[in-house]
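K.L.:
Here are the chains, one letter per residue:
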Amino acid sequence: MRSRRKIVAIATVVLLAGLSGAVLMVRRLDRMRAGEALREVLYIPSPKVLKRLSLGYNGLLADIYWTRVVQYFGGKHHEGAMEYKLLAPLLDITTTLDPQLLPAYDFGAVFLSQSPPQGAGDPDAAVALVNRGIRQNPRAWRLYYSLGYIEYIERHDYKAAAEAFEKGSKIPGALPWMGVMAAIMAQHGGELGTARYLWQHIYESSNDKSIKENAIRHLAALKVDEEVEYLEGLVREYRENTGRAPANWLQMISAGYLRRLPTDPLGTPYMLTPDGRVEVQDADSLPFITRGLPPGKEAPKHWKKESK
Amino acid sequence: MTSRLAYIAFNTFREAVRDRVLYNLIFFALLMAASSILVGQISINVERQVVINLGLTAISLFGLAIAIFLGIGLVAKEIDKKTLYTLLSRPVRRWEFIVGKFAGLSLTLLVNTALMAVGVFAALFYVMRAFSLQDTYVLVAIYFIVLQFVIVTAVALFFSSFSSPILSGVFALAIFLIGTFAEDLRAFAQMAHAPARWLAVGLAYLVPNFAALNVITPVAHGEPVAGGLVLANTVYALLYSVVAVSAAVIIFEYRDLK
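Chains A and B supply the protein sequences, listed in that same order.
Once you know that position 28 of the first sequence is 28 in this note's numbering, the rest is easy, because the numbers rise by one and skip nothing.
One rule links them: number in this note's numbering = place in the second sequence (from 1) + 1000.
Simulated from the structure, these hints should not be mistaken for laboratory data.
Please read all numbers here as calculations on a predicted model, not as lab measurements.
Which residues of chain A face chain B? A few of them, derived with a C-beta cut under 10 Å, are:
hint, residue
1, Leu15
2, Leu16
3, Ala17
4, Leu19
5, Val23
6, Leu24
7, Arg27
8, Leu29
9, Asp63
10, Ile64
11, Thr67
12, Val70
13, Gln71
Reference listing, derived: stretches of chain B covered by chain A, where coverage requires no fewer than 3 residues with Cβ under 8 Å from a Cβ of chain A:
hint, region
14, 1177-1185
15, 1221-1233
Straight-line Cα separation of at most 16 Å, EDC-like style, residue types lysine to aspartate or glutamate; simulated pairs:
hint, chain 1, residue 1, chain 2, residue 2
16, A, Lys85, A, Asp122
17, A, Lys297, A, Glu279
18, A, Lys6, B, Glu1253
19, A, Lys297, A, Asp282
20, A, Lys6, B, Glu1096
21, B, Lys1077, B, Glu1015
Positions of the beta carbon are idealized from the N, C-alpha and C atoms, including for glycine.
Could you build all of it, start to finish, from the sequences and the hints given here?
P.N.:
Rendered as structure tokens:
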């Protein structure tokens, strides 16, 4: 009996030590193979072949591939990659395996459309993906919303955006503001207020933390764009009235042009350059801004909004 | 103790050979010969990949079938034939029986795999007419397959220490299938929210990690395998097997054999 207890005690210690060691090794293996699932190679690139190989379990395989899309995008995004070669083929495989997997169209289109390093910078592929989703799921109003979003934000095609929002608004269950969005888009597509309206609704209608954070960043960028334009207008006015450019914000406060030190949405004071331009101090923390950028930090052309 | 372990292990190996387990080699040889001859006639420029993919997949599947079907019967068969009672009435401890059986089946699989590896290289030589440096990577892939077999044998033995052969087979096969998706499983688990997340992560680490042991496709494309991965996989496979065999020992120590 004592002998059995001794053996069991030794086996238990060996088991626990082995288990701890195995977990540590798995973590080490995961670190070593961190890029393995994200490597820029697809050994089976054909979605149709994969579907056949899945032996009818294509739903599960689609879920796994969708997870890989998220991992791939997250990993690339984290390292600030400027290329996302596998994103479109991975999304193609995912949506072929399960054409009803709406999040793959919805989020995948956003991943594809946003400019690097925020995304793959391929709005055409994003539109093609969403259109394929709409063909497969004609009752999914959210896909029209995604299409309108890409047409408006990334392609600046206000007519196409208005059409997408309009079509989506007619589907039963669509949020009422889809119709409002269609009307606004048709009339005031290029205005900052329209963009603010869209991002505000995206923020309010989503439960996803990352989408909310993205909307907050866009709203902050719109605020910066508006404030920089306003402040540069004040600087011009000061120069016209006094015949010289203000050396700092205090001079403008003393002259009554401003009540207090102007700060960006992060709470950091704006910088006033000797030539009268207004710049943010930390442009990296304010992605999507198109104004107030320091020299050499130009925003991508298609981000620039036409303000009135 | 060592001689008793070696005796049980060697007998397990001899019994497997007597059970005509190595007959699978005939099917394997036919498969490799047929594929080597056919592939040159029906495809272009993928002869090497096809031979490696097919050969290593066949080694893996044949070996897994042997590991599971023999592994689950290791304990039950000895009980059915009453040979276990004879064995345990001698100065053989229960843990020695379990560890010896594990070693014997691992030896069987090692010999079987080594013979099949010879077949793969013969087919490769027939198709390519020469060996290249890249062919050495195939040996690493075969080594990883052996590590898989060792883990599967330990898992099958663990289940057979307390369950019926059929259920043990189902469990072992399920664990193998889940283990091949272990990386995805951990990724899914990380996405869950607490407290379900901790449970999911714990379970994800508990199943064997076969994903890192499968390098068949990269090797078929002539990609080398990092030395660090070989070391890490070896340590992991040994640790996991020790865990499964230890669990089998603990259960078997308390099992009522009457």
